[in-house]
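Engineer: If you want the building blocks of each chain, they are given just below.
2 protein chains.
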Amino acid sequence: MSRLQLADSGLTLSGGDYTIVGVVAVVAIIALAIAFVLRKEVLAAGQGTPKMQDIAKAVQEGAAAYLNRQFRTLAIFVVIVFVLLFFLPADSIGERIGRSVFFIIGAVFSAAIGYLGMWLSTRANLRVAAAANESEGGREKAMRVAFRTGGVVGMSTVGLGLLGASLVVLSFAGQAPKVLEGFGFGAALLAMFMRVGGGIFTKAADVGADLVGKVEQNIPEDDPRNAATIADNVGDNVGDCAGMAADLFESYSVTLVAALILGSVAFGSQGLLFPLIVPAIGVLTAVIGVYITKARPGENGLSAINRSFYISAVISAVLCTIAAFAYLPSTFAKLNHGISDGGNPALIAAVAVIIGIVLAAIILWLTGYFTGTEHKPVKTVGETSLTGAATVILSGISVGFESAVYTAIVIGAAVYGAFLLSGSVAVALFAVALAGTGLLTTVGVIVAMDTFGPVSDNAQGIAEMSGEVSEDGAKILTELDAVGNTTKAITKGIAIATAVLAATALFGSYVNGAGLDVVASNVNAAFAVFTPSTLVGLIIGAAVVFMFSGLAINAVTRAAGAIVFEVRRQFRDNPGIMDGTVRPEYGKVVDICTRDSLRELATPGLLAILAPIAVGFGLGVGPLAGYLAGAIATGTLMAVFLANSGGAWDNAKKLVEDGNHGGKGSDAHAATVIGDTVGDPFKDTAGPAINPLMKVMNLVSVLIAPAIVALAAPDAPQAIRIVISIAAVVVIIAAVVVSKRRSTSIADSPAETVANGVG
Amino acid sequence: MSRLQLADSGLTLSGGDYTIVGVVAVVAIIALAIAFVLRKEVLAAGQGTPKMQDIAKAVQEGAAAYLNRQFRTLAIFVVIVFVLLFFLPADSIGERIGRSVFFIIGAVFSAAIGYLGMWLSTRANLRVAAAANESEGGREKAMRVAFRTGGVVGMSTVGLGLLGASLVVLSFAGQAPKVLEGFGFGAALLAMFMRVGGGIFTKAADVGADLVGKVEQNIPEDDPRNAATIADNVGDNVGDCAGMAADLFESYSVTLVAALILGSVAFGSQGLLFPLIVPAIGVLTAVIGVYITKARPGENGLSAINRSFYISAVISAVLCTIAAFAYLPSTFAKLNHGISDGGNPALIAAVAVIIGIVLAAIILWLTGYFTGTEHKPVKTVGETSLTGAATVILSGISVGFESAVYTAIVIGAAVYGAFLLSGSVAVALFAVALAGTGLLTTVGVIVAMDTFGPVSDNAQGIAEMSGEVSEDGAKILTELDAVGNTTKAITKGIAIATAVLAATALFGSYVNGAGLDVVASNVNAAFAVFTPSTLVGLIIGAAVVFMFSGLAINAVTRAAGAIVFEVRRQFRDNPGIMDGTVRPEYGKVVDICTRDSLRELATPGLLAILAPIAVGFGLGVGPLAGYLAGAIATGTLMAVFLANSGGAWDNAKKLVEDGNHGGKGSDAHAATVIGDTVGDPFKDTAGPAINPLMKVMNLVSVLIAPAIVALAAPDAPQAIRIVISIAAVVVIIAAVVVSKRRSTSIADSPAETVANGVG
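Which chain is which? The protein sequence lines are A and B, in order. Note that numbering that gives the first Met the number 0 numbers the first sequence so that position 30 is 29, with each residue one more than the last. Note that numbering that gives the first Met the number 0 numbers the second sequence so that position 148 is 147, with each residue one more than the last.
Worth flagging that the hints you see were computed from the coordinates, not collected in a lab. Certain hints may be false.
Intra- or inter-copy, both count: the list cannot distinguish identical chains.
[To be verified] Once the Cα atoms are required to be at most 27 Å apart in a straight line, the calculated BS3-like pairs of lysine-lysine come out as:
1) Lys56 to Lys375
2) Lys663 to Lys653
3) Lys739 to Lys378
4) Lys375 to Lys739
5) Lys378 to Lys474
6) Lys739 to Lys474
7) Lys653 to Lys739
8) Lys140 to Lys378
9) Lys56 to Lys587
10) Lys213 to Lys140
11) Lys56 to Lys293
12) Lys213 to Lys663
Fair warning: this is a prediction, and the values are worked out from it, not measured in the lab.
Chain A with its partners taken away, still in its complex shape (with noise of 0.2 Å):
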């Protein structure tokens, strides 16, 4: 077993290498030009009525001031890290500076993607509501919108990821590992931060809204009247839209940097070039996906969209099957590395990425049957609530218990099964990596399906703003609106799949790159994996994801708080409002989301960044292995635990308002309520960010772990560990005091005593 050397392979790549990547490259701007073209055929659907515009273009301006403000809040922070990063040991200067570079290219390549899911979601949300007003074949057309904005989002996400990937294996060949490193990192850094800002906003505004409007003043969701409504709508575009689509991009761009920088140990050359061809031929049927959607007469929107999924998903290993025995040699010998194995590196490698496509079409199916109304989950937690919310909040626990364990063993089966391919564990590690990147030929599709959700839920809160919507149109929009929420459980159960692929073989490579993979020599540091104190570490990783998750649900109650305090004010203030005859102040209300998720964000991201310092430096490259276990074990049962039990209630909450169990203004009814409020924060807040804190915590780890080999080493001055180590943990418990110490709870302005029910 040959120790992996993850550092400059010393790699040299022939100009037939040059060609593919460059190849590589031309389908990526492809892609984005696809993207455009899409784009185009988006923002020339009609756009309704000028009050209808009005509307979009108050939630237009509230996002767009979002993200502008959250960019510059970050960009300070992108700044530091740019720095840091330059003192972390580096082969060569040129690698220290690519590195660097390039963590700023993949922060701003992430924001980009979220800034135009934004962009293009706040003006497809108005076309879609349009669209569906039309008398004639209104739903296709709705519904040919919706899709079509998801695809321009998809098409953006997989071409920049595919791009900037290729750009670096261009500029940096054999060097190309540690500063992908860099890229991941900051894709990885941009989207958590944007998971969790635009989390916290979108929950805090629904909620607020929910118990001003719904629970209090009893007027409906979406009522003009409500000053958090237009906050309520740019929480959608900036937290579903714009952070799933940095998510998205960022969960492409790991999984495709594990991939190359584990490729080139495993296969020599052609192990750098083999991950990029995968995710290439995946643009190609993402493409067909996206233009072969189209629902069938009478045929359910979600039909539909698996349908174009299971198609492109059969092309693509199709293909990949063939570019692996067309591309790949049967035998390692052939290979230009030093790695010896008796086995097939085509066919090692088309399997795994079969496993990888396979993947993706279990948890498309497993999250459709836990989250879906039409299966036995939902309806249970449906009927619990006969007997009222604690049974609806306990059954609803359980499904997501359930499913979180099940979705766990399939995608541990898919990790063992890659790994088993190769008895060589450089090669496993890769074949694991390789599973990842036979995901990402779905990504495109799920990015089309994901992006599909906020918008129709856009569309519907237009439609009823303006009152300027059909019946049969807003009939169509809560049709779309419904298979949205199923889209985005799946997406969230693809996105856990990527990070747990990414995240082991990041592991691979850290554990490998920390010296942890232990030759004879070594036996101390052996042990050290097997000790109590790795066990610690593994205890502390499980831990800030329990951390992490509650910090981000808290979050979301203090900043719900203080939007009912602000709602109240503006009713009390100005009684016009009520009446209708008063605009109430919307921005006051967009304003207050914006300052507290910003202020929000800063806790658990701090938490991410600096966890793995602390206990890397202050415990040990042994114990921040078991640290990353820990987090990628529990953060995979965690975030499915609350985006599918988050989901079920949702979905449950519809049941009822179907005319089962009572039916809407039912007890059943206020008990199912319950439950979707308590599932809100679970997951669009904490659940979805795990994903991308999974692959912070894994590439800090990555890049600090020359950096603790180093500083651990007798003749090393240990003192320096030590005061990290300290001021990590400082800035961490100084983090959560500060936050600790705001307005604490809803509860501190309470105008009135609310009844049970939050919508």
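Based on these hints, arrange chain B on the given structure of chain A.
Structural biologist: Relative to the frame of chain A, chain B by itself:
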């Protein structure tokens, strides 16, 4: 670094050694004698009115009937395991027989202590109610009887645990470690079943009684017209008393077992004896603790209990330090064993024990902070009741997450602190185990504190049902009940800490036993720990904790549904019940609870035993190590999360009932009632069962490790390994499917629609 030799250490005990063990055995018997004396005192107290005695008798009969039936069911199981244990590898026939026989003894002791806890508390509850009813000094008398009852159970727990361990050492000397594995496994296995079965019984009865009584019929808790009310009181005794007593006995035994297993390796024969001396000192201080507990006039009961805890903890620390320096030498050279370490054995041992004692004190404080009514967390949960049930649930979950993180980090710090005491891994592991024995010195008082809870709860039930306790008496009982709520939460925190320390020590011995500590010649095994396959094991380990929790919560919901159905039937078929002219058929409900609890405990129980078998034989010893590590980390967090969020909800309800935020009957009250109902299966079924779960899984792994290693050898028939693994998986799946097929939820038997709250 020497390879730990856990099999027959070839250790022989000297005559002086035997004298010491003999003295320890005598101390154990003295503890039992004191328990007997205290028991007489409790039974001598006044028994109240004939009506009160009638009710108590019904509870006594129901509880005895349940436990008898449970023991009959489990007996078959115990016999099967007894036989299976015989076939696992052992070094000699004596060890083989000893392991199986002491497995039975461990199981019988565990059952006996549980039975005793139930037997006495079903008699003490009546006497506490009667004492509270006395006009003169009722409060002091009631508290005294309740705490003396706890003393009986506490002294019996430590007495039997110490007796069992010292008997093994007396009989098997150097072969003791393997035999102790059997003893610990028996204790842990039975405790797990009693925790799960009792936990399901008590919460099914509680939730079922409240759903029909409080919510549908609007009659108070413990109203004699409710057919489930006797079952509810039976549940307190079989769950909170019997289950908890068995659980703490198991914690005591397994921690002791871990210390004894590791002690001889680290310190030679003195290492085998010192872990017996520490808890023997604990017996002495527990006696002091029990006898000095007396509330000063006007003082809160909890302060009195806390005071005796702290006093006895300080005495323990002092005496243990003296014992360490008196008994252990100051250099390792003077110990009769093979380890060379520059440290001072006496100092290491003393500090390790003190770490354990300090850990107990910190957890006592931490749990009190997060679940006590006078601190910020519970107050915040109470305040969020103003904005409805959803915010109550969210804030309770946040409190649970947060407290889990701090508790896990404190426990992790204790493990790390103990581990740092020596550079030698063998000594460091022993130090972790010794910290566990330090915790044990507090167990006597802790059990006494815990038993206090259900006894007071039941006394209140008897007072309410009989209607023959004065208003002053009722007030006293309410106060005692509230104190009991907090002491119950504290016990769970301490139990989880012992679980982690014991599991870490056992994990260490597993890793070494399985040959994973890697000698230079065995790099493959070393690598196994870092590979994705270990990570997959880790994910599965974490997943099993989620699965187990979900199964337990689901079982309660299912069983509660059956109770609801039966109570409704009785009200419907027999209108005289509501008038109070006809006595409801209490026995029927007890029977249903008994049947369902015994049926429901099979699936989680099988999961706990078979999952490590499936992973170990299927994936190998490396992934099994990962499995255990994942289960320990996630289990710790999950157990504390479930216990403390449940505790916080319970006390938030009490806060509102005490007149805050609108008081009883307000919307805020209804919101906290929902929180409390969600918390019921969290804190009393799923949460506490994770503690024995962790130890059962660890002991199964330790026991099967040699068999896995033997079957993984190249010349062994690989098919056997795979067949065993697949068989285990098949049984688990079958068990899960069978339990899913059962009447699925409360909603299957709704006679009428029920409103939001469930008490």
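Engineer: When the hints from earlier in the document are held up against this structure, which numbers fail?
Structural biologist: 1, 6, 8, 10, 11
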